[in-house]
Each structure stands twice: as C-alpha cells, then as structure tokens.
Amino acid sequence: MDWGWALKNSWLIPALPLFSFAVVGLLVRPISKKAAGIVATLSVAAAAVVAWMVAWEYFHLYPPGGAHPTIIPWSFEWLRFQAGLTASMGVLVDPISVLLMVVVTTVSALIHLYSIGYMAGDRGYGRFFTFMNLFTASMLGLVVAPNIIQMYVCWELVGVSSFLLIGFYYERPSAVAASKKAFVVTRFADLGFLIGVLILTFYGYGVFQECAPAVAPQAAAVSGVANLQPFDFLYLTSPAVLAHLNAITIGLGGITLLTLAMILVFMGAAGKSAMFPLHIWLPDAMEGPTPVSALIHAATMVVAGVYLVARLMPAFAASSDALMVVVYVGAFTCAFAALIGITQDDIKRVLAFSTLSQLGYMMLALGVVTMANPLGYTASMFHLFTHAFFKALLFLGAGAVIHAVHTNNIWEMGGLARKMPITHALFLIATLAIAGVWPLAGFFSKDEILAAALGGRWYGVFAIALFVAGLTAFYMFRIYFVTFWGKHHSHGAEHAREAPAVMWLPMGVLGLASIVAGFVPMAQFVSIGAGAEEHGINMAVAIPASVVGLIGIALAWFFYGNDLARAERAAVALGALHRTVKQKFYIDEAYLFVTHNIIIKYISRPIAWFDRHVVDGGVNLSAWTTRALGARLRQAQTGQVQTYGVWYVGGFMLVLLVLWAAMHQS
Amino acid sequence: MTEFLTAIKPGAGHWLVLSAILFSVGLYGLLSRRNAVGVLMAVELMLNSAALNFVVLNRYVAPGRVDGQMMALFVIAVAAAEVVVGMAIFVALFRHRSTIDVTRMDIMKF
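Order-wise, the sequence lines are chains V and W.
Residue numbers for the first sequence follow the numbering used here, beginning at 1 and rising by one.
Residue numbers for the second sequence follow the numbering used here, beginning at 1001 and rising by one.
Read the hints as simulated data drawn from the structure, not as lab findings.
Predicted, not measured: the structure shown is a model, and the values here were computed from it.
A few of these clues could be false.
[To be verified] Pair ranges (Cβ atoms, derived):
1. W:1106 <-> V:653: 37 to 43 Å
2. V:620 <-> W:1087: 51 to 57 Å
3. V:638 <-> W:1087: 20 to 26 Å
4. W:1062 <-> V:655: 26 to 32 Å
5. W:1062 <-> V:662: 40 to 46 Å
6. W:1086 <-> V:620: 47 to 53 Å
[As the list claims (entries may be wrong)] Some residues of chain W that are not near chain V, with every Cβ distance over 10 Å (derived):
7. 1007
8. 1010
9. 1088
Here a beta-carbon is modelled for each residue, glycine too, at the ideal position from N, C-alpha and C.
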C-alpha cells in the first residue's frame, strides 16, 4: 500500500496529546505552570499539523469527487480473546474521520492557546491543561477508531474527561453537582450503547464464518486489514451481516434485531449528543470554565453521538425504523432547545441550548438519509464542520466578555461594542454565521440540511427546521443586542477591557474559518451511497431560510435593539408560558421527582437495607460463629498436665483399637 | 480345694495379665492423683510393671539367659534416679507455690 508518511504515522494524532497528558500531568506541572500550558498547546498543535497532512495525503490518494474507501493505515493487536476474536487499536482514515481529525485538533489547539490567557492566574492551571490534553487524546482516539471496542473505550474516556473538566472548580457545589449529573446521564445512555454493541457483535460473531469472506478480500486489498475481526466497523457495516441481523425478528411488535440494536446504540449517541430527554446535563455543564464549554460542549464531544450515527450509517440505513427514531428525536430536540434558548439570561446557557438545537439539526439530517437521497449525510457532516468553528468562536467570545465583565448574566452587560471592539466584531461574525446569513458558513450548511429534508419529502421536519432557523436567528441576536449594544448595565460592563492577544488571536482564526468554511465543496469530500452531486445554491431552500432568518433578526432588533422595556412587557404578557419555558419546561424537576420519590425510596433504600443486613449480616454471622466456636474450644486448654495426659492416653487407646480391628479383619 | 488351686499351672499369659493390671492401676493413679508425690508413686508402679514384664518374658522365652533380669535391675536404678529428680522439682515447686496439688499447676491455659 503506497501510503505517505503522515498516513503511516497517523497514530501520532491521538498519541501526541496522550503522551503530553502524561508528561504535563506528572512532570511539567509540578515544575512550571507556564510551561505546562505551552507544552500542552504545542502537542495539540503538532497533532493538528499531522492531521492536516493526513487530510492532504488521503485526498491526494482518493481525489475529491471520486470514491473514498476506508483505509486503516496503522493498527496493532490489543486484546486477544481467541484466534478469531481480537480487539485491536488503530487509526481508520475515511472522509468523516479525516474531517473530524482536522476539526478536533485545530479547534482544540486554538482553544488551548486561548486558555493560556483565559486561565492565567488560576490555581488549577496545570491541572486544566492536563485534563484538556486527556480529552483531546480521547476524542481523537474515538474519531479514528477502526472497531467498536476502541470507540467505546474512548467514548468512556471522553466522558471521564468531561466529568473532570466540568467539575474543575470543585470547590463549588454547583459545579460538582453538574459534573456528576453529566457523568450519570451519559453513563446511563452508555448502557443502551453497550447493549446495542453487544447485540451487534454477538450476532456478528455468530455469522462471522459465512459473512467475512464477502468483505475480507476488499478489506485486505484496499484498507490494508490483514485479518478482519468481528469488532471492526468494516465487518459490522457490511451488507451481508446487516441482512442477517435484519432477518431476525424479536417478539415486541415485530421489530428486527438490527432495529433494536441500532435504537439502543442511538440511545448512547443521544446521551452523548444531548438529545431529548437526555439533554439535561448540557446546560448544567456550563459550570465548567468557558474554554471547556467551547471545546467539549460545542465543538467536539457532543458531536461524538452524531459521529457514531454517521460511522454506523449503513447499519442505520438498513433499518428504517431506527432512522425514523433519529429524525424525530433530532427534530424535537432542535425545536425544544431553541424555544428554551429564547428565554435564558445566562449567556453560556443560551449558547448551550443553541448547541442542543444545532445538534438536533445534525441528527435529523442523518435521519433523513436513504440510499436514494444521501444528501443528509453530507449535510450533517458539513454542519458539524461549520458549527464547530462558529460555536467555538461564540463560546470563546462569551468567555472574553465574561472575563472582562465578571458576570454571566446578559442583563448586567450592555454597550460592550465600544469597550471590546475585536471581540464584538468576531462575535458578530459568529452570530451571523449561526443565523445562516449568506455568505457565512452557517448559511451553506444549514441550507443543505433543509434541502436534504425537503428532498426526502419530510415536509413536517422541513417546516420545523425552517421555523427553528428563525428562532436561532432570534435568540442569537437577542444576546448580541443585549450584550454589545445599548447602555452599560453594570459596573463591570463600564470597566470592561478588550481581551489580550493570546485570546483574540485564536478567536480571529475561528472567525476566518466561519467566513470561508462554507465555501468548501463538502459533497466532493464526504458522501455516502450514490455519491456527490453538485447543485449550487438550492433557491427553493435558500430563499425561505434567509427570509426566516432575517425575520428573526428583525424581531430581535425590535425587542432588544433599542428599548429593553418592550421585551419585559412581552415577558409579562406571556406570564405562565414564559415562566414554564424559562424553567426549561420543568424537565429537571420531573427528573428529580422521579429520582427522589420513586427510585431512591422504592428501589435504592430496599437494596441498601438488603446489602447492609443480609449481605453484611451473612459475613458478620460467619465471623460470630467462628468466634463462638473458638471460645468453646479453647476451654480444652486447662493448663493441667493430667488433663493432657487423659487426652493422650485416650487417643492412644483409640489408635490401638483401630489397629486391633484392622488386624482382626485381615 | 488345693487341687483347684494347683490345677491351673501359671503360664506367661497369666503373668502378663498381672503386669497389665499393675500398669493400668499405675496409669489410673498417674491421671487421677492430686498429690504430686502420689503421681510419682503411680509412675513407680508403672515402671515396676514394665520390669516384671521383662523378667516374665525372660523366664518363659529364654530361661537360660539373664537379659531380662539385668534389664529389670536397670529399670529399678533409673526409677530411683527419676524419683530423685522429681522430688527435687516438687520441693522447688512447694517453695514457690506452697502447694503440690497438681490441679493447681495450671498457669499455661486459656
């Protein structure tokens, strides 16, 4: 296989941050905090360079517009269960993994650089960079995973890193609670993921002998896989295996085994990508430092769920019921989150709900994919690509603002356009991008999603997505106007200063990306099934989307541009409705109610009682028995020689008796 | 009457039974006497029963030799030496504990 240097050494991409995690955490951090930040940033930057080289080499090998097979240029055998069942660790290179490698490393490197300025002076500075490196390494391991085992391992590692980083300010009870919530919710979702994985691999392994020969030759020739394993994605997504899984029906309502497995896997994806009803952890995750929110909860970790669905797309496509679940959950989350985002006061919470909404877009784009109309796949990945840039920029900008004004509440900001011109300009670019204004990136990716929905004749979903595009423009410009226009509403806002260069330089790069990323002809690079078709701008979609976006901006200007009293009057007029939406539809309260009154009272307490009294009681009983027996037995030690003499003579007579009986018998 | 008494000619077995009885009595005394000197007396009885055993077997198995009788003399000598040592211990013990009741010698117990 004529692979270039970068492809052969693509293991460097997850390995550099992993190695840096160990080095910074153990060696550099105790010595020099400043060096920790620099080493951490440089390692991710080096990984980014390798990622770009891999992208260059891959797309030279398989030029855009043609076929893009999956190749696995590096792997090693990790766990050997038996000869035909091994789990390996490796690097899988195909269009979406290249896309994610590039996005994750680039955005992560920029955010590391930004954090050098943002986290300066913090007591946990070294710890922050250690965990950020761990996260980057885990996310990259997830993205390049050639089999489902490596993906699951890195999936959990990413969850752990998120836990560590959300709870970074561990002295704050709210941060600790938020990190616990994030971990428990995603772990619960991972239960579904694990069961789905087990179903797929178990049945896949069962038919390995018959289905592998269909895939193995091509795997060996093109992908460089010497021996295919049942865990490999190449095997699990092959038509033979999927047909076999689709043929088995299970009892409940006649759904096939494949549908069940894919719905369970989607449960895991829904947890990580915060789809309804597992979305509750993401707004609370804003307790972490802003660079963490930018990297993990906007650009990278939350897209892991979308990536998983994309990676297993052939399996999902073979089971249309599972795809329907994906579409409906995605569309619902999209609308639900946008509605809540309109009412929030905390700038990071608005951005969190915005992320939820955009993730809903990505999911529904994947859900409308069929072999006849595969545009959704490209659209979803395109939106993932552009969203990473402008959402990270929005968070970094919010971070700069929070850093300057020392509050998260938008009503305490105001007039920052004059005080922080660079941040203002970049934030405006990002806001225009997310609102889908031509020619910025969001316009192209969002329109492609809408076009995919329309092309698949999902008219209801198209309508919802269009409506949410308007809502997006509305709530994003709401925070823009309140934060940057008008009078200063607090002392902090009056004395705000522009962010240092180490912070606005990465933001500038992201701003540039938000402008030009839309012009990448994504369909040439990322596609599935029938392949790329260039259409240019689809006017049937572009015009309604732009109109809706402009209406959203206009309404935001009407309510928040000049006189904020209009907004307050509207909020009062809507009364209970406004309150309900602002309280996030009381979903958190519902969860708490169920947890405290049902799960803890009727399940946890009895189990705890059983554990303490029956299980521990059993162990205590054995100890008590031993002690009682010992107390009785030791009374044989009287200390008197004659007692011992009696025992001796008695025993001796017994032995003689036995001997006599034995001799008598023979 | 005398015919009855002289009808049974004593053989080795009869003498060995006597020796066993003596041994058992000595064993019983060893295990049940309270007085330490009493225990020593019981031990003497056991040793003497062993000596009787030697002599009896000498008379009935190898009458021409004197091995058994020599052994009995040895046993008597050793028993005497042993009694000396035992009495010395009991004197020292009495000086310490003011008693030679063996049931009171029970410090090494639970």
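Here is how each hint holds up against the structure:
no.: 1; hint: W:1106 <-> V:653: 37 to 43 Å; result: violated (24 Å)
no.: 2; hint: V:620 <-> W:1087: 51 to 57 Å; result: holds (55 Å)
no.: 3; hint: V:638 <-> W:1087: 20 to 26 Å; result: holds (25 Å)
no.: 4; hint: W:1062 <-> V:655: 26 to 32 Å; result: holds (30 Å)
no.: 5; hint: W:1062 <-> V:662: 40 to 46 Å; result: violated (31 Å)
no.: 6; hint: W:1086 <-> V:620: 47 to 53 Å; result: holds (51 Å)
no.: 7; hint: 1007; result: holds (31 Å)
no.: 8; hint: 1010; result: holds (25 Å)
no.: 9; hint: 1088; result: holds (17 Å)
Hints 1 and 5 from the earlier list are contradicted by this structure; the remaining hints agree with it.
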